[in-house]
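Got chain A; can you put chains B and C on it based on the hints?
Residue numbers (our numbering), protein chains in the order written: chain A, 1 to 90; chain B, 1001 to 1396; chain C, 2001 to 2375.
What the hints contain is simulated information worked out from the structure, not anything from laboratory work.
For each residue, glycine too, the CB sits at the ideal point set by N, CA and C.
One should not assume that every hint holds.
To be verified - 25 Å max Cα-Cα, derived PhoX-like pairs, lysine-lysine: (1) C/K2045 <-> C/K2327; (2) C/K2101 <-> B/K1062; (3) B/K1196 <-> C/K2129; (4) B/K1062 <-> B/K1294; (5) C/K2045 <-> B/K1294.
Said to hold, decoys possible - Facing chain C, from chain B, some residues (calculated, C-beta under 7 Å): (6) A1014; (7) R1050; (8) N1203; (9) V1207; (10) V1209; (11) T1376; (12) A1377.
Stated by the list, open to error - DEER-style ranges, computed between Cβ atoms: (13) B/R1043 <-> C/H2285: 35 to 41 Å; (14) C/V2308 <-> B/S1152: 32 to 38 Å; (15) C/D2011 <-> B/A1165: 51 to 57 Å; (16) C/G2214 <-> B/W1010: 41 to 47 Å; (17) C/A2295 <-> B/E1024: 52 to 58 Å; (18) B/G1107 <-> A/G26: 49 to 55 Å; (19) B/W1010 <-> C/P2053: 37 to 43 Å; (20) C/R2115 <-> B/E1049: 52 to 58 Å; (21) C/G2241 <-> B/E1049: 40 to 46 Å; (22) B/S1120 <-> C/L2186: 49 to 55 Å; (23) C/P2084 <-> B/R1060: 31 to 37 Å.
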Amino acid sequence: MCLGIPGEVIEFLPDQPDLARVNVSGVRRVINIGLLSDDPPQPGEWVLIHVGFALSKIDENEAAAALEFLEGIGQAYDDELAALAESRIE
Amino acid sequence: MTADQQSAGWVQEALRIHEQAQAEESATHERRGSPQPAAGTVREDLVLERIDRARRSRPRVKEERITMSHGAGGKATQTLIEAIFLNEFRNPLLEPLEDAARLRIGGARIALTTDSYVVSPLFFPGGDIGDLAVNGTVNDLATSGAVPRFLSAGFILEEGFPVEALNRIVASMRAAAGAAGVQVVTGDTKVVERGKADGCYINTAGVGVIEHDLDLGVAKARPGDAVIVSGPIGDHGVTIMLARGELDIEADVTSDTAPLGGLVAGLLAATPGVRALRDATRGGVATILNEIAKAANVGVLVSENDIPVRDEVRGAAELLGIDPMYVACEGRLVAVVDGAAAGDALAALRAQPLGEQAAVIGQITADPPGIVQLKTAFGGTRIVDLLVGDPLPRIC
Amino acid sequence: MRFVDEFRDADKAHALSAKITALCEPGRQYKLMEVCGGHTHTIYKHGLEDYLPEQITLVHGPGCPVCVIPMGRVDDAMALAAEPDVIMTSFGDMMRVPGSKGSFFDAKAHGTDIRMVYSPLDSLKIARKNPDKRVVFMAIGFETTAPSTAMTVLRAAAEGLTNFSIFCNHVTIIPAIKAILDSPDLRLDGFLGPGHVSTVIGCRPYEFIARDYGKPVVVAGFEPLDILQSIYMLMLQLAEGRSEIENQYSRVVPWDGNLVALKAIGQTMELRPYFEWRGLGFISHSALKVAEPYAQFDAERLFSVPGVRVADPKACQCGEVLKGVLKPWECKVFGTACTPETPIGTCMVSPEGACAAYYNYGRLTRQRVKEASRS
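Next comes chain A alone, as it looks inside the complex (with noise of 0.2 Å):
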């Protein structure tokens, strides 16, 4: 039930509301976004796609936050074996 992937929107098809042309990684196929009626994604704007159809919006504030937490524990794993290598015990 899982296999969504992140694609860029680029343009709107003329005459189709319902459809959005999307890029991922350099490809590009045209998907529906019926489903986001309620708040449709604009160009650049960035879609969880799932069998032909926008499912969400990535939320770039939320994605930048998850990053940030990873940054924060790689920061925090990098300080802590810095400090192991420094300390002696003897």
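Positioned in the frame of chain A, the structure of chains B and C alone reads:
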């Protein structure tokens, strides 16, 4: 709720065979006086052992009818070849089951290969069935270490096929043959009724001359050898999938169909340490790695970070849920070379345009024998097994 | 690839792994269930278990909507495909699922017109292009996929198509999770919640798990770092004695779900009173069928489907594997009578099934663990 209940016949059959095997196994245990397996870790080892035995057991085709899996280049194809063709035709020249047979006629060493081309669509970005027919045959000869010389070309044409299309295909073949340095010296033509042959099928045979003393073969791989690929993988298969037009995906991918004779010659001239060469066609690089592991009874360990894949191929594969490792190429070779010779081999490949992005993707290990492992970009490890059939797009 | 590569960074994985290990109580074993087939796939594809301490076991849940379709329903689908003038369309996942007389793949070999599609919209296209044929779409999937099927039915209705219908086998995740929670022989400490189902149903439906069963849930994304971070969040909850619903996949999952999607499902489909799940038996209100106003798109009403029930073979222990009671290799028929080429039960049927995943990817874990403990 329905009143009827049935069981699946094939399940009962499989269980019966399994119970029989278990009974035999217990009897063996008793005869040898060995203890029955206890629960826990020992049980898992036993199960894994049993799987390994089953994998290595005599191949049998269980299906009643041919399915598309049998043509995908994976496990089903291998089983079909071994259980039916090898079984009937068995002889020492056929048994290596390499891409070409190596024959001695008079004093000369000759390589002989045959191929059939049934691709649909016939024309796609980067080439057409004619290009594939020439390059594919040439490549089977080249990877056997032979200099490709002569081709035959048999055409099976569908009633109603446009002559203009045939002209284009044959023109492609002429150009490809010229580029590869081979001549088409004999052929055949058949026409079948409308509805058969998908427009045009081409069958080829190729003959080449082996001019060196090397005994190349996947069975020659040894622990410590390096595994090299001559360029980005998966281009051809993804191009064909997209070109079929059913998936509504546009991307700038083109088939990588190309003759590998030049690359092979450069490689063999640069170092005597080449153990095996294969061109990665249907079934992809993963299939070749498994063939090496099985034939030489060695382990193959490759690193995801080191395998070249174009961004668009990766994007399309992610979108479809398929793995580029299993996707066909038509102009890439996989080479197994002595670890010490890897540097020279890589330099030789990169010196030519076709091999610009050649890379060492992994190495041969002693353990675990017969198994291909992938070190993921993420740092974990997983097994790269033979596919049962075609890589099917998944949604889940 | 953006929003993908950043979440596959190996260095951050080591950091998370250290933090997860630090949260393990000495001597305590943890069993965490990842419900979703996609999570199982990621775990094996990226070798994630190498990053987890031995104290943590990941249990693969019933999150493969293809695997849980009983043989009888597969037979029904094959019967539909065999009807004259029918073009059956299906996702790739379904092609190799065996019924009592073979799979779609086998039927294709016998000449049945079965075509693989990537989207239900492709199926509509085939219907438009073939007005003289009746096109049936094999609708499978959890709530992730149901909205897409629903939108396709709505579109078919808007276009007035008369030769398109769906064979609806959509199943819902909550009843399955509840069935697992209610098993007497179960011991789970927490759940990695399904990521993409949650984009549709939101996070609220899981609240009963924390409230009534006291188990923590973290809705998890599908990249390896997402899963590691989610495991970290679960372990933190356990260490702090909390049981809450948390959303790690917040960049994609809205807490309230997707209202438009839920409305589309509500309009075109309704819950079946009960449905049989391969390996789990009958579960009430766990599957969807086409609603009355859209009857002309319901293959079950348009055609007469055999509806014969095929019992799970007695030797099949999928139920216990699905509930996390048995590991794949502990099933008596794993790897011998039941293999990826000849899958008997749901767990081996699809590559994400716990047994298929273990067979294909995890065989060496034991050896590596042994070697690691020796060195």
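For each hint, the structure was consulted:
no., hint, result
1, C/K2045 <-> C/K2327, "holds (19 Å)"
2, C/K2101 <-> B/K1062, "holds (14 Å)"
3, B/K1196 <-> C/K2129, "holds (22 Å)"
4, B/K1062 <-> B/K1294, "holds (22 Å)"
5, C/K2045 <-> B/K1294, "holds (22 Å)"
6, A1014, "holds (4 Å)"
7, R1050, "holds (6 Å)"
8, N1203, "violated (23 Å)"
9, V1207, "violated (35 Å)"
10, V1209, "violated (41 Å)"
11, T1376, "holds (5 Å)"
12, A1377, "holds (6 Å)"
13, B/R1043 <-> C/H2285: 35 to 41 Å, "holds (38 Å)"
14, C/V2308 <-> B/S1152: 32 to 38 Å, "violated (53 Å)"
15, C/D2011 <-> B/A1165: 51 to 57 Å, "holds (54 Å)"
16, C/G2214 <-> B/W1010: 41 to 47 Å, "holds (44 Å)"
17, C/A2295 <-> B/E1024: 52 to 58 Å, "holds (55 Å)"
18, B/G1107 <-> A/G26: 49 to 55 Å, "holds (53 Å)"
19, B/W1010 <-> C/P2053: 37 to 43 Å, "holds (42 Å)"
20, C/R2115 <-> B/E1049: 52 to 58 Å, "violated (41 Å)"
21, C/G2241 <-> B/E1049: 40 to 46 Å, "holds (43 Å)"
22, B/S1120 <-> C/L2186: 49 to 55 Å, "holds (50 Å)"
23, C/P2084 <-> B/R1060: 31 to 37 Å, "holds (35 Å)"
Going down the numbered hints, you'll see the structure goes against 8, 9, 10, 14, 20, while the others check out.
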